[in-house]
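Take these sequences, add in the hints, and give me the full structure.
The numbering of the sequence shown is numbering that gives the first Met the number 0, which starts it at 0 and goes up by one.
Among these hints, one or two may not hold up.
As the list claims (entries may be wrong) - Below are the BS3-like pairs computed for lysine-lysine, each with C-alpha atoms no more than 25 angstroms apart in a straight line:
1) K281 <-> K21
2) K21 <-> K273
3) K301 <-> K281
4) K281 <-> K77
5) K136 <-> K21
Simulated from the structure, these hints should not be mistaken for lab results.
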Amino acid sequence: MTCPICSQAMRPWIAMPIDAKKDAVTLFGHVVRCDRCGLGRSANMPRPEEIVGFYDVDAYYTHGETHMRPVTPGVLDKILVRLAWHADRACPFDCVEIARALPAGGTILDLGCGDGEKLAAFRDLGFVVLGVDPDPKSRALAASMGLEVLEGTAEAPPPAIDGRRFDLVIMSHSLEHCTDPVHALRNVRSLMADGGLAYIEVPNAGCLHFETFRQCSEMFDAPRHLWFFTPDALQSIAEQNGLRVVGWRYNGFTRVFTPTWRGWECEIFARLAKRGFAATAKRHSIPQSFRLLARSALARPKRKYDSIGILTSRDPAHPARPGATAR
Numbered sequence: 000m001t002c003p004i005c006s007q008a009m010r011p012w013i014a015m016p017i018d019a020k021k022d023a024v025t026l027f028g029h030v031v032r033c034d035r036c037g038l039g040r041s042a043n044m045p046r047p048e049e050i051v052g053f054y055d056v057d058a059y060y061t062h063g064e065t066h067m068r069p070v071t072p073g074v075l076d077k078i079l080v081r082l083a084w085h086a087d088r089a090c091p092f093d094c095v096e097i098a099r100a101l102p103a104g105g106t107i108l109d110l111g112c113g114d115g116e117k118l119a120a121f122r123d124l125g126f127v128v129l130g131v132d133p134d135p136k137s138r139a140l141a142a143s144m145g146l147e148v149l150e151g152t153a154e155a156p157p158p159a160i161d162g163r164r165f166d167l168v169i170m171s172h173s174l175e176h177c178t179d180p181v182h183a184l185r186n187v188r189s190l191m192a193d194g195g196l197a198y199i200e201v202p203n204a205g206c207l208h209f210e211t212f213r214q215c216s217e218m219f220d221a222p223r224h225l226w227f228f229t230p231d232a233l234q235s236i237a238e239q240n241g242l243r244v245v246g247w248r249y250n251g252f253t254r255v256f257t258p259t260w261r262g263w264e265c266e267i268f269a270r271l272a273k274r275g276f277a278a279t280a281k282r283h284s285i286p287q288s289f290r291l292l293a294r295s296a297l298a299r300p301k302r303k304y305d306s307i308g309i310l311t312s313r314d315p316a317h318p319a320r321p322g323a324t325a326r
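Now the structure itself:
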């Protein structure tokens, strides 16, 4: 198996034999990685008919529910979160800011829109919005907000948008769910209007939190997450498919130090341990949190934040290259 970015061999990296959210065995949690660019992927890609079942869980954020049980903070928790908050310099995606770069009343497409939160924000700013999502529960939730959401994916967009072009195409925390991100990004480019933008955000597999807790990180989340991007890998795969990076966004720091977040990652460790699979895992204890904070508080953004995003334009000098997909 070779890397779709740099064509190097991909080697075994992380072994996660269970779907933590379902507390059940999965065949899609063993991840290989390219040593050159840092791109990771599931060694065993699921068939389309298998993917639907991954989202049939008791609670999921795109269904308007959280799977994390709330934990009352203790004194050490309050200190930890306060210190993290003071060190947090996140630069998240801001709909109001992005709207200033778009034509008034322009068109927005969100591929993998989930519950439609970003679409609703742009609609309220006066834009014409449309969502695409494969998950019926997410589509129903978005529809309850008065949003139009079609069934489909970035790899297989619905026929209703054939030939249409949009001023902004969004893929926020959806590229990592694709079986073929190369094909998805080529579709993103083809859906962008002349002078249009695309925003792509993914979990950051190059941040210190992910590197520390790996399969026990909430951002690992196999089998729903099938690809694992470092900032360099995200930029490279975008540029190789005709998208030019014009800006970066970073988000997700203070939350990983909250007791609720840590409690869920401890639960992932416990679910591995009860099956005898915790030998290569690390438990997210309070001492581990303080160590992580000491290492990451002053780190550069690409190492600090658990989510990274790129704002891109179409690169007319570098069209999407022909050739094999990432399957």
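Hints, verified against the model:
Proximity of K281 to K21 is assessed by CA-CA distance (about 20 angstroms); at most 25 angstroms being required, the pair is judged to hold. Proximity of K21 to K273 is assessed by CA-CA distance (about 14 angstroms); at most 25 angstroms being required, the pair is judged to hold. Taking the CA atoms of K301 and K281, the gap is near 22 angstroms; set against the 25 angstroms cutoff, the hint holds. Distance check on the hinted pair: K281 and K77 sit about 23 angstroms apart at the alpha-carbon level, within 25 angstroms; holds.
Of the supplied pair hints, the one linking K136 and K21 holds, its CA atoms being roughly 17 angstroms apart against a limit of 25 angstroms.
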